[in-house]
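First residue of the sequence shown: 6, per the working numbering; consecutive thereafter.
Wrong hints could be hidden among the right ones.
Subject to a maximum C-alpha distance of 27 Å in a straight line, what follows is the list of computed DSS-like cross-link-like pairs (lysine-lysine) [claimed, not checked]:
#: 1; residue 1: Lys154; residue 2: Lys180
#: 2; residue 1: Lys146; residue 2: Lys96
#: 3; residue 1: Lys298; residue 2: Lys192
#: 4; residue 1: Lys79; residue 2: Lys52
#: 5; residue 1: Lys290; residue 2: Lys226
#: 6; residue 1: Lys192; residue 2: Lys154
Derived from the structure by calculation, the hints contain no laboratory data.
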Amino acid sequence: MNICPCARGVERRRCTCKNFEKVAAEGGPGCPSHNIWALGKLDHAVKSAEWILELAPRLPDGYIRLGDLAQLQKNDEYACELYAAGVEVSKETTANLSPKSQHPYTLYRHVLRQDPLRLPAEIVSQTFSLVLRVSKEWTRKLTSPVHRKLWRNIVFPYKRYMRPSPMPSPDHLNKILSWAGEGGARKIVIDNVWAVAESIVTQLLESSPNLEHLGLHLISKQTLPVHQNKWTQLRHVSLSCDIAYFDRTEVDRTGGLPQTFLQNAASSLEHLNLVGIPWSWYRGKVPHFPQVKTLQIGSDSEDNILFPIFYLSIGFPRLEQLRTGPGLPYLDDESAMIEHKKWEDVWPHLKVFRYDPSQEEKGGFEAIRTRETLRYLTSLHSLQHIFLAVGKVDWGCMFPDKEEYVLRRFDVTQHSHFRNLRSFETPSLVITPAGGRILLSNAVMAKQLTSFDLLFSKGIRESVIVPDDSLTGTTRKTIYRDSRNDIMEKNSIWHLKGYEWLCGTPSIHTLGLYEFCFPVDAESDEDSPLLRFLATFPNLRTLKINSSKYSAPEFVSLVVSIMRVTHLKTIYTTCVDGEFLDKLRETAQEHGVQLMSQFPEQQWPMPLAS
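Please put together the full structure from these sequences, using the hints given.
In structure tokens form, the structure reads like this:
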């Protein structure tokens, strides 16, 4: 124990005031563990269990006790890990076959139990196929009307490069649909439609008039039935094509987008995910879906054509959430704008916009048009949450000074004040302090802004007013800050100083900081611009932080300093791993901070507060 690595290289002798031999001779502690648990003093019990585990890591006692406490704290995942570790220890000491050494096995099996219906669909399907063979009595009970909900979700999973599962026969499929009761299936998902006969797909749909959720993926040469008023409860549809069939084939043709099927469900359809855009939509022939609230639209075509995004505002007038991507890097603001007489008529209910092309964009004309289109989209008055993944292309200043913010067709500054903005996530886009002030100041004053990202760059463009001679008055010039390594720290300090007006905002609870470079030799926290900046936010609870400008020890030291001056609950970073990550996680635990080594996945659709 004296050379234990968790002692940070410092010898730690056993406390001399504790006489373990005497305690053992007297029969153990005076207050049994179950009494401590009943009193609710779990923190005290956890410390005792951790100490037992440290004293005797080759015995199951510490693992069992700490696992039991984890279960009491409803941390089943941690309990499972502890019991599993106890099982491994017991394997190493096979000579000891006492009941206590076998106890971790029992606990591990117990905590590992799951609701069978939460297992992967293929396992559930296999389980039920076996259970139905046990006896006629079991089959009768499981297929009775009481359990019809068990048969209302029909899922055919598939993973690429794996042999697809055999499809049921039409007769067997009719049996399953009859077990689902009147109205048939409520959810149908087929991940590999290309491997399923069209007759099977048609049979599933025709027998399920009460269908609510439909997912058909890798569509290649299939068509869907076009009955009117058939699926009046269909709310969620997800469709994707194989090898860009939707892009190359006319709608409603074999392998094309089943547009008529979608239009027949338009009265109930609320959520639509499409991968593959028919060419007619590029020409403005977008069908009308008056009830759709969330739309994700992408493409698997490699043509990279500019997509006129505002045509969708005519076909989907009541959108609340819009996501472009994957595979849709270039957007266009032309053509459809003439359909709207006023800027306020463009998606008046849109609250969430995500630009997530999931592929690297190229520079040039397409990137310029996309940038201007995104400036239009982010200026919609009702927007609350914006996420822009712009890739590695140098887009310059996307949110410049107000004088430059008048676009070609509309002066959006007359209508869009960003007053409703809650979150603005741009982990790969630099926003100058001047542009950031235009974007965020009204939301800050309205106490709406809760989340914001700051990306620091090597060289930063600043637009300033400089005096000129008496004949020409003043002139707007653009100054490019130097990007050499020796002044990167000055650039970061300058960039952060431009955001001083944001300091102390009480509504902000989440910040993202990326690719910054501040001096590491600050004598105190007050001498560090970054620490001073973060310490001003009274309700900051979540920090996403990454920078390749620091060595691992420097980055660990910086994050520890940040925890010391803030009230953080969660930190996300991918900058360190191995022993540095372990050390940082241990320190974070001491500060009551949860350290995550991966950034959180973005949920879609995004849950919105009522």
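- Below or equal to 27 Å on CA atoms is what counts here, so check Lys290 against Lys226. Status holds; Cα separation ~23 Å.
- Query: Holds or violated: are the alpha carbons of Lys192 and Lys154 at most 27 Å from each other?
  - Reply: Roughly 11 Å between the alpha carbons, so the hint for Lys192 and Lys154 holds.
- Message: Does Lys96 sit within 27 Å of Lys146, going by the straight-line distance between their CA atoms?
- Response: The given pair, whose Cα atoms are some 42 Å apart, is violated under the 27 Å limit.
- Is Lys298 close enough to Lys192, meaning Cα to Cα at most 27 Å? OK: Lys298 and Lys192 at ~19 Å, within 27 Å.
- Message: Next pair to validate is Lys79 with Lys52; report whether the Cα-Cα distance is within 27 Å.
- Response: Holds - the C-alpha atoms of Lys52 and Lys79 are around 17 Å apart, at most 27 Å.
- Query: Does the alpha-carbon distance linking Lys154 and Lys180 stay inside the 27 Å limit?
  - Reply: holds, 14 Å
Violated hints amount to a single one, hint 2; each of the other numbered hints is respected by the structure.
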